[in-house]
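As they're listed, the protein sequences go chains A and B.
Taking my numbering, the leading residue of the first sequence gets 1, the next gets one more, and so forth.
Taking my numbering, the leading residue of the second sequence gets 1, the next gets one more, and so forth.
I should point out that these hints are in silico values taken from the structure, not numbers from a laboratory.
No false leads were slipped in.
Just the calculated beta-carbon pair ranges, DEER-fashion:
id, chain 1, residue 1, chain 2, residue 2, range
1, A, 66, B, 168, 50 to 60 Å
2, B, 139, A, 29, 21 to 31 Å
3, B, 8, A, 29, 21 to 31 Å
4, A, 82, B, 267, 23 to 33 Å
5, B, 172, A, 24, 49 to 59 Å
6, B, 263, A, 49, 27 to 37 Å
7, A, 86, B, 7, 55 to 65 Å
8, A, 66, B, 222, 33 to 43 Å
9, B, 50, A, 23, 43 to 53 Å
10, B, 73, A, 23, 51 to 61 Å
11, A, 49, B, 171, 52 to 62 Å
12, A, 60, B, 196, 22 to 32 Å
13, A, 86, B, 192, 26 to 36 Å
Derived list of chain A stretches under chain B, where covered just means 3 residues or more per stretch with a C-beta under 8 Å from a C-beta of chain B:
id, segment
14, 30-36
15, 40-48
16, 53-59
From chain B, some residues computed to sit far from chain A (all C-beta separations above 10 Å):
id, residue
17, 10
18, 57
19, 85
20, 269
21, 273
Positions of the beta carbon are idealized from the N, C-alpha and C atoms, including for glycine.
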Amino acid sequence: MNQPFIDLLTPFLPNLGDRPLTEDSRLHDLGMNSMKAIDLLFAIEDGLGVSLPDEDLNDTTFATAGSLWAAVQRAQDAAEGDRRAAA
Amino acid sequence: MTATATPSVRTGILDCVQVNLALIADRRNGPGRHLALGARLRFRPEPGPDGLPTVDPPPEEHLREGATLVGLRPDSFAHRVPARDLRAMAEGAPVVYAVADSYAMPWLPYAGRAHMEHGFLVGAHRDGAEVEDAYDNETAWGPARPGRWTIPWEHMPTASFACTLSPVAGYRAPVPELSLDDPAAYVEAYTAHPDRPAALRRLTAETWLLTRARHLHAAYREHLGERLDAQAHLRGWDRLTATAFIAQRRAERGRPVPETLLPELASLLTADREVFAVRNHRP
Numbered sequence: 001m002n003q004p005f006i007d008l009l010t011p012f013l014p015n016l017g018d019r020p021l022t023e024d025s026r027l028h029d030l031g032m033n034s035m036k037a038i039d040l041l042f043a044i045e046d047g048l049g050v051s052l053p054d055e056d057l058n059d060t061t062f063a064t065a066g067s068l069w070a071a072v073q074r075a076q077d078a079a080e081g082d083r084r085a086a087a
Numbered sequence: 001m002t003a004t005a006t007p008s009v010r011t012g013i014l015d016c017v018q019v020n021l022a023l024i025a026d027r028r029n030g031p032g033r034h035l036a037l038g039a040r041l042r043f044r045p046e047p048g049p050d051g052l053p054t055v056d057p058p059p060e061e062h063l064r065e066g067a068t069l070v071g072l073r074p075d076s077f078a079h080r081v082p083a084r085d086l087r088a089m090a091e092g093a094p095v096v097y098a099v100a101d102s103y104a105m106p107w108l109p110y111a112g113r114a115h116m117e118h119g120f121l122v123g124a125h126r127d128g129a130e131v132e133d134a135y136d137n138e139t140a141w142g143p144a145r146p147g148r149w150t151i152p153w154e155h156m157p158t159a160s161f162a163c164t165l166s167p168v169a170g171y172r173a174p175v176p177e178l179s180l181d182d183p184a185a186y187v188e189a190y191t192a193h194p195d196r197p198a199a200l201r202r203l204t205a206e207t208w209l210l211t212r213a214r215h216l217h218a219a220y221r222e223h224l225g226e227r228l229d230a231q232a233h234l235r236g237w238d239r240l241t242a243t244a245f246i247a248q249r250r251a252e253r254g255r256p257v258p259e260t261l262l263p264e265l266a267s268l269l270t271a272d273r274e275v276f277a278v279r280n281h282r283p
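Take these sequences, add in the hints, and give me the full structure.
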């Protein structure tokens with residue numbers, strides 16, 4: 001996980017405290033709920049410039065920091081592929 | 001704000017008209033009585049705002065039907081009740097049930113932000129109105145949680161209507177029943193509406209209501225002892241509510257909305273008939 005992603009995610013986890021965020025960090029246990037997850041989705045779209053595809057809008061994606069990071073990376077890779085194809 | 005304590009009431013599956021009726025139902029008649037609010041699973045859209053069909057019934061009709069289902073009768077019914085008259089009602093009764101515009105309710109995240117007819121209970125406190133509201137929802141402006149607040153009477157909204165509620169004799173638990181229209185016209189109306197942000201804003205509210213109603217109906221059937229295999233179906237409704245909200249916010253930003261939203265709505269509405277089919281029920 002890169003620092004921009006961690007910086008974006010941390011404010012949505014009120015129970016994180018001073019602990020480090022790892023890929024295994026369970027977002028619900030750290031204070032994520034359904035409404036915060038939607039707000040986070042839009043923070044990702046606005047802050048990282050990627051839209052998660054419909055099939056990734058589910059509880060599995062938002063289960064851990066690592067699963068969410070994986071979805072973001074896939075979306076970033078897909079967007080890069082689209083840009084190269086259009087060029 | 002202080003927490004309101006009627007732990008038997010399942011606030012997360014009730015809408016804003018039902019939830020405070022539920023408090024009275026369980027306090028007067030015992031834990032679980034409120035679940036009878038879910039006896040009738042209905043999908044009967046009527047013309048609504050923005051030229052779109054709605055499943056949201058008029059609040060007074062909704063309150064009256066709900067009262068019947070839980071064995072209560074509205075008394076001392078009044079319309080357009082300003083705060084001074086609401087105070088007079090509250091000083092003459094243990095509690096008053098009222099509906100007003102959420103925009104004017106300082107105890108809710110909707111205050112100053114969103115207009116919707118919203119139910120609450122009010123009593124007379126020495127320092128003002130004692131408002132009790134068990135509404136339980138994650139709103140776009142933060143959580144609304146069950147609680148009690150003391151509000152100066154001059155800050156109370158004018159109620160669209162207000163009443164007291166009395167128990168009726170000879171109550172019998174209602175038999176579960178379904179009244180489900182074909183969903184095609186409803187889904188088509190939301191698919192074809194030219195103002196996409198408006199359609200998706202309405203659909204967010206509609207799916208929220210539809211989802212809570214299905215959870216409530218399932219809870220009532222299980223309360224009566226039926227083993228209902230509805231959990232996967234209900235999770236589908238939960239996901240749809242989230243997808244509708246995401247679609248609304250994406251449309252407001254001019255971004256593509258999830259393509260699965262309306263087909264999934266059609267699928268879930270169709271599946272309701274099978275999942276909730278009433279089979280050999282005994283009350």
